[in-house]
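Modelling step: build the complete structure from the supplied sequences, incorporating the hints.
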Amino acid sequence: MFLGIDYPTWWFLVVGGLFSGYAILDGFDLGAGAWHLFFRKEESRRIALNAIGPVWDGNEVWLVIGGGALFAGFPVLYASLLSAMYIPFMLFLVFLIFRAVSIEFRSKEPMLWWRRMWDWSYSIASVVLAVLLGVVLGNVLQGMPLDDDYNHVGHWLRFLNPYAFLTGLTTLSLFMVHGALYLLLKTEGRLYARLSVLVKQAMIFFLVTFGFTTLYTLIYIPHLSDQFKETPALFALPVLAFLSIANIPRLISRHRYLGAFLFSALTMSLLLMLVAVELYPVLLLSTSNPDHSITIYNAAASTRSLGIMLTIAAIGTPLVLGYTAFVFWTFRGKVKVDENSY
Amino acid sequence: MSVEILSRVQFAFTVSFHYIYPPLSIGLGLVMVMMEGMYLRTRNPLYEQMARFWTKIFALIFGIGVATGIVMEFEFGTNWAVYSRYVGDIFGSALAAEGIFAFALESGFLGILLFGWNRVKPVTHFIATLGVWLGSMFSAVWIVVANSWQQTPAGYHIVGEGMDARAEITDFWAMVFNPSSIDRLLHVWIGAFIAGSFLVLSVHAWYLLHNRHVELSRKAFGIALGVALAASCAQLLTGHRSAEVVAHHQPAKLAAMEGHFDSAAAADMYVLGWVDKEAQKTSGLKVPGGLSFLLHQDFEAPVKGLNAFPEDERPGAVNAVFQFYHLMVAIGMALIGLTLLAGWYWLRGRLFEQRWLLWLFVPGVLLPQLANQAGWFAAEMGRQPWVVYGLLRTSDALSKTVTAEQVWFSLILFALIYLLLFLLFLYLLNKKIQHGPDAYGSTEPLEGAGKRFREAGH
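First to last, the protein sequences are chains A and B. Quick note on the numbering used here: the first sequence kicks off at 129 and runs consecutively. Quick note on the numbering used here: the second sequence kicks off at 229 and runs consecutively.
Read the hints as simulated data drawn from the structure, not as lab findings. Here the structure is a predicted model, which is why all the values come from computation and not from measurement. All C-beta atoms in this analysis are idealised placements derived from N, C-alpha and C, irrespective of residue type, glycine included. Hints are not guaranteed to be accurate.
Restraint-style ranges between C-beta atoms, simulated for each label pair [to be verified]:
id	chain 1	residue 1	chain 2	residue 2	range
1	A	Q329	B	A643	33 to 41 Å
2	B	F650	A	R286	28 to 36 Å
3	B	R347	A	L362	43 to 51 Å
4	A	L362	B	M229	49 to 57 Å
5	A	D466	B	L575	37 to 45 Å
6	A	F454	B	A536	38 to 46 Å
7	A	F454	B	H663	27 to 35 Å
8	B	R621	A	D134	49 to 57 Å
9	A	D134	B	A545	42 to 50 Å
10	A	S324	B	H663	36 to 44 Å
11	A	R286	B	L654	37 to 45 Å
12	A	D466	B	A562	40 to 48 Å
13	B	R583	A	D466	36 to 44 Å
14	B	M561	A	F130	50 to 58 Å
Computed, partial: chain A to chain B, Cβ under 7 Å [claimed, not checked]:
id	residue
15	V189
16	A197
17	S211
18	A429
Given below as structure tokens:
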């Protein structure tokens, strides 16, 4: 216990914070990647690529840390979830590799076919990664059949279901809003003008998919609303999330893109907090027998281990935030392409 | 093939491919820090030019290293679920520390290292390079600690029974400083210094042989030779200490490394040999009693042999462990010889006249790579049948829910992609080397870059 909150709950917050950080940071990289083929001119594509150039790699590290934190803090969940969703995670890894090498390799040759090839693989990889993240989230929200050793007992293609598809699209659309807003901050001229149109279309795409997902959740996955029925005060959270979402198009229409970007980041945090509140203290619901559900308590590492890791996190987090801020500060402002660029 | 074999092949394949790159990053990082340090001290633009040149190659290597590195972290959960549950409490804190302290430091400063040349002062850039290098050194710390814990577990107790059994941490520092971690960490670090410095040696030897970038290459060759020489000699020491730890804590592995079966007999040390597992006989060129002498300073002291262990508690592929181990040792000796020879000529001021020696350094870049891979194969195959030594068997550590068809799918996918990646890597590496270091002014004007694109057909 620390400040009246037990260690597994603290670690649940840490993991949630890391995944929020990952969504906010790599979210704009993936969103920018999803837009990549919409830009026609070579120069625009280069500027868009260099907008994320110095930061995408550091952003991806949040996933490495988040994965490590999940493994460290909740090994039982890590084992069950990753082995149950073998194919989506393997595809995720493969496309993560494609995204990385596309960015690295694209600028290495001037040939048109070479650059087109990496443009396509970069953009497709970004889209697929965003969708897969949503698919995993959708499956976690629904729960899955687990036996008394917490092993998945459904078919290995079970991850393909309508709800996961919806959450996948919602994630993609939110990342596209987020990515377009980030690019608006980093570009000027015609690319900027084009993005200011695209971001509105992305916003509509997001509102539609988010609307469907919300309806589907309320109708078909009632267990996710239980917490709110028990503790009505928690309703503040969805209300805040909706307000935050509503604020994005308002700021976009006023061309206040920095504000809109911050609110799309806030929206991601709030939506993930909503997920966390809906699940807590369950991490993965067993749909075959609720007694086999994985919770933060039966999945947690030992108290001693969690204590050590909380200490590591307490020392490490300010460091990570510090040099993240330093890098963003060094590369602040509109993109300038030079001989060291992608 | 069974899920166990497939998962082992997949992990071995993905981790081996990955391990081509991090040692190069660590070793090259050190050489780059020295180059930039020399630039700060002398302000000779040649040092800046070589640092900029190697930064571009570093970017390529680092990029593939990062991209292929995340795979293993997730494979623990996807393919080795029982293992993940078993070691999560212990292994997890090492991984989390790696993520927070090492990767974030590394990747955070990488942007400045790669793109900051014209944006920050030389001192700031030097600090960024140092940060990236230290980050890569740190990441080796935590991953080697975790692996060493699997070889020589310490600072834990077991809770639960049967399928629910798992290791829980009792003493963090005992876990971190388990009996093998320090020696193995030094061995890995130095192996990386050798790999990185030999890459630099190879490329600059090639330039010198072709009369290109001569002045720059002589300076760069000198820096890298210093690192390679010191590291190759130091590796003998860390290798010996690692072997002593193995002898003490993993006697079955050591017996497999030298193909030693009979516990009552003195153990020989082979230079070259072949193990016949069925006949329990090892033959080849050997120093009789050599292993006994190394361990006990007595040529006749008996050493525990493979026969002292039940059939199911000793490595199955004895000959493979033997061959990998001996390949590593042989290469290590060759590297010491090569760098000593080059150092001797260097001292006499006649190194760059010895074209035959420079020609040896060109393909020499492959030797440390082979030794690093062989060393890991000996260490990991020698650990079998255990995934956590003496505690958890590899065959028990698998994911129960994953089927062979799923692993086939991912294995084929990884094989194809890594093949493509490797060919692209060689192609781009070669291209950068052919292009060579640029003679920089301060900044190339933007118009120039734009013009190149128009010329290229845009």
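Verification of the hints:
1. At about 40 Å, the CB distance of Q329 of chain A to A643 of chain B agrees with the hint of 33 to 41 Å.
2. A C-beta distance of roughly 35 Å is found between F650 of chain B and R286 of chain A, which places it inside the suggested range of 28 to 36 Å.
3. Here the CB-CB span from R347 of chain B to L362 of chain A is close to 46 Å, well matched to the stated 43 to 51 Å.
4. In this structure the supplied range 49 to 57 Å holds for L362 of chain A paired with M229 of chain B, their Cβ-Cβ distance being about 50 Å.
5. Checking the proposed 37 to 45 Å range against D466 of chain A and L575 of chain B shows it holds: the Cβ atoms sit about 42 Å from each other.
6. Separated by about 57 Å at the C-beta atoms, F454 of chain A and A536 of chain B break the suggested range of 38 to 46 Å.
7. Range check, F454 of chain A to H663 of chain B: Cβ separation about 32 Å, and the 27 to 35 Å hint holds.
8. About 34 Å separates the C-beta atoms of R621 of chain B and D134 of chain A, a value inconsistent with the hinted range of 49 to 57 Å.
9. The supplied range of 42 to 50 Å is met by D134 of chain A and A545 of chain B, whose beta-carbon atoms lie about 47 Å from each other.
10. The hinted window of 36 to 44 Å between S324 of chain A and H663 of chain B holds, with their beta carbons roughly 39 Å apart.
11. Between R286 of chain A and L654 of chain B the beta carbons are some 41 Å apart, a value that agrees with the proposed interval 37 to 45 Å.
12. The beta-carbon spacing between D466 of chain A and A562 of chain B, approximately 43 Å, falls within the hinted interval of 40 to 48 Å.
13. The supplied range of 36 to 44 Å is met by R583 of chain B and D466 of chain A, whose beta-carbon atoms lie about 39 Å from each other.
14. One distance hint, 50 to 58 Å for the beta-carbon pair M561 of chain B and F130 of chain A, holds here, with the actual separation near 54 Å.
15. With a cut of 7 Å, the hint placing V189 of chain A at the interface with chain B holds, because the nearest CB-to-CB distance is about 5 Å.
16. With a least beta-carbon distance of about 5 Å to chain B, the hint placing A197 of chain A at the interface is held under the 7 Å criterion.
17. Checking S211 of chain A against chain B: minimum C-beta separation of about 4 Å stays under 7 Å; hint holds.
18. A hinted interface residue such as A429 of chain A counts as satisfied when its beta carbon comes closer than 7 Å to some beta carbon of chain B; here the least separation is about 4 Å, so the hint holds.
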